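Work out the full structure, taking the sequences as your base and the hints as a guide.
Chains A and B, in that order, are what the protein sequence lines are.
Going by the numbering used here, the first sequence opens with residue 52, and the numbers climb by one from there.
Going by the numbering used here, the second sequence opens with residue 11, and the numbers climb by one from there.
Just so you know, these hints were derived from the structure itself, not from any lab.
Note that the structure is predicted; figures quoted are calculated from it, not measured.
Among these hints, one or two may not hold up.
Estimated spans, in silico, between C-beta atoms of each pair [said to hold, decoys possible]:
id: 1; chain 1: B; residue 1: Ile59; chain 2: A; residue 2: Arg308; range: 54 to 62 angstroms
id: 2; chain 1: A; residue 1: Ser174; chain 2: B; residue 2: Ala64; range: 28 to 36 angstroms
id: 3; chain 1: B; residue 1: Ala226; chain 2: A; residue 2: Val210; range: 36 to 44 angstroms
id: 4; chain 1: B; residue 1: Glu21; chain 2: A; residue 2: Trp213; range: 31 to 39 angstroms
id: 5; chain 1: B; residue 1: Ala226; chain 2: A; residue 2: Ser174; range: 36 to 44 angstroms
id: 6; chain 1: A; residue 1: Ser174; chain 2: B; residue 2: Gly177; range: 32 to 40 angstroms
id: 7; chain 1: A; residue 1: Val210; chain 2: B; residue 2: Thr16; range: 26 to 34 angstroms
id: 8; chain 1: B; residue 1: Leu207; chain 2: A; residue 2: Phe292; range: 34 to 42 angstroms
id: 9; chain 1: A; residue 1: Leu161; chain 2: B; residue 2: Leu38; range: 52 to 60 angstroms
id: 10; chain 1: A; residue 1: Asp97; chain 2: B; residue 2: Thr51; range: 46 to 54 angstroms
id: 11; chain 1: A; residue 1: Thr295; chain 2: B; residue 2: Leu207; range: 40 to 48 angstroms
id: 12; chain 1: B; residue 1: Phe176; chain 2: A; residue 2: Arg299; range: 36 to 44 angstroms
id: 13; chain 1: B; residue 1: Leu207; chain 2: A; residue 2: Asp291; range: 35 to 43 angstroms
Just so you have them, the derived chain B footprint on chain A, three or more residues with Cβ under 8 angstroms [unchecked claim]:
id: 14; stretch: 250 to 264
id: 15; stretch: 272 to 284
Ideal Cβ positions, reconstructed from N, Cα and C, are used throughout, including at glycine.
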Amino acid sequence: MMHVIFPNSMKSLYALALIFMFGFGQAAHAEKITIAAAADLKFAMDEIVRTFRQIHGSDEVEVIYGSSGKFNMQIRHGAPYDLFFSADIAYPRELVKAGHAVGEVRPYALGRIVLWSASLDASKMTLESLASPHIGRIAIANPKHAPYGKRAEEALKAVNLWERIQSKLVMGDNVSQAAQFVQTGNAQVGIIALSLAINPELARQGGYYLIPDVLHRPLEQGFVITRRAASNPLARRFADFMDTPAARAVMIKNGFR
Amino acid sequence: MDVALTETELETIWLTLRLATTVTLILLGVGTPLAWWLARTRSRWKGLIGALVALPLVLPPSVLGFYLLLAMGPQGPLGILTQALGMGTLPFTFWGLVVASVFYSLPFMVQPLQTAFESIGERPLEVAATLRASHLDAFFTVAVPLAMPGFLSATMLTFAHTVGEFGVILMIGGNIPGETRVVSVQIYDHVEALEYLQAHRLAGVMLVFSFLVLLALYAWRPPPPKGG
Numbered sequence: 052m053m054h055v056i057f058p059n060s061m062k063s064l065y066a067l068a069l070i071f072m073f074g075f076g077q078a079a080h081a082e083k084i085t086i087a088a089a090a091d092l093k094f095a096m097d098e099i100v101r102t103f104r105q106i107h108g109s110d111e112v113e114v115i116y117g118s119s120g121k122f123n124m125q126i127r128h129g130a131p132y133d134l135f136f137s138a139d140i141a142y143p144r145e146l147v148k149a150g151h152a153v154g155e156v157r158p159y160a161l162g163r164i165v166l167w168s169a170s171l172d173a174s175k176m177t178l179e180s181l182a183s184p185h186i187g188r189i190a191i192a193n194p195k196h197a198p199y200g201k202r203a204e205e206a207l208k209a210v211n212l213w214e215r216i217q218s219k220l221v222m223g224d225n226v227s228q229a230a231q232f233v234q235t236g237n238a239q240v241g242i243i244a245l246s247l248a249i250n251p252e253l254a255r256q257g258g259y260y261l262i263p264d265v266l267h268r269p270l271e272q273g274f275v276i277t278r279r280a281a282s283n284p285l286a287r288r289f290a291d292f293m294d295t296p297a298a299r300a301v302m303i304k305n306g307f308r
Numbered sequence: 011m012d013v014a015l016t017e018t019e020l021e022t023i024w025l026t027l028r029l030a031t032t033v034t035l036i037l038l039g040v041g042t043p044l045a046w047w048l049a050r051t052r053s054r055w056k057g058l059i060g061a062l063v064a065l066p067l068v069l070p071p072s073v074l075g076f077y078l079l080l081a082m083g084p085q086g087p088l089g090i091l092t093q094a095l096g097m098g099t100l101p102f103t104f105w106g107l108v109v110a111s112v113f114y115s116l117p118f119m120v121q122p123l124q125t126a127f128e129s130i131g132e133r134p135l136e137v138a139a140t141l142r143a144s145h146l147d148a149f150f151t152v153a154v155p156l157a158m159p160g161f162l163s164a165t166m167l168t169f170a171h172t173v174g175e176f177g178v179i180l181m182i183g184g185n186i187p188g189e190t191r192v193v194s195v196q197i198y199d200h201v202e203a204l205e206y207l208q209a210h211r212l213a214g215v216m217l218v219f220s221f222l223v224l225l226a227l228y229a230w231r232p233p234p235p236k237g238g
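Have a look at this one:
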């Protein structure tokens, strides 16, 4: 029955496939950087890249969003990222220690976690509201590899709710997916990044409750240049750009301190 | 290296087997008549239905996951239906995964069965009809035994494919232990967290399992019919 899935005519495509593989494999470009960015930066980084492009012309900057833990793992295995913006500064520090990143790890922001809902008024809630029987599912990022999920877990444990709401928890692969679970109404509430909740797209759908930062370890965020970009001038330019007032302004506007 | 599986891992494996068994049984029920119809119909809808059945073969799991998440959500058509029936919404539940997997594994059940039914040809059924066997009778006493190798491979492929499912589940599962955290997702989590030892154990189980299924599939395969 395998011939149903792989028709014989596929064989004639092999030569073509080889041409494609080798044809595009060498398209590396010097003035191009790829940034791996924590999912909480989804909106802020888009804006920072736009500002950077306006100032520096047609430099090519590509951003990939995901969980910081995932990028940590990928960079250890040679992922082609030139800069790594992590929601937990511990990951880039570990990468430097292991020789996968170079130079200093620069802190760039402090993140905050919030309760957010698209169907209820989260601004009138507190963490205790999560125990209410009216709330079905609660979305968080996966604490195993997403810093925002880890901090959500810490905050819930600090108020003795972690065990009680265990059966209601659903986990997104990263904080953006947790937000998306709430946005689509599949979870009533989520613990997500402030930077996502105040973005106009999400803010339009519901308010948020800022979770006191005494309940969890700080979400200290940091970035680093990876080993492969050690001598890439564009990577350095972008890193320096993060210290400029223009970049700071974008970060603050997006809920980072 | 500690090779004994922990309780959590056994729970994950048990959940995965339960999902694959449920999906396979449902697809045997749904897929058999569908494959029979596709094998014997001269309807002009045959091409359309065949293409729809095959769609999950080429569709990225993320596309299926995205549409299912919206369709099964509180505002989606499936979600509105399940809520009206008092079942709540399906994402992040075991039955949500079942529904998704039925779509995702459909071609793995229907296509081998269709091929098996087509290879029977008209003759055995015509003979059955001359012996005054009803259609249903002929189907169960003639077609099913003749198509038995097809049933075996369809069942095993569907089961194995559901066990190996990942992308759709990542999108609609929500990673709940004992409910939606299947083996493939658990492995992914371990790798993301750099827990390679735990990843190795589960990945090893999957590798051996998948190989054994395929080995059985190819070993039991009857020799191709002569001539024709």
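TODO: Tell me, in ascending order, the numbers of any earlier hints that this structure violates.
DONE: Going through the list in order, the structure violates hints 2, 3, 4, 5, 14 and 15 and respects the others.
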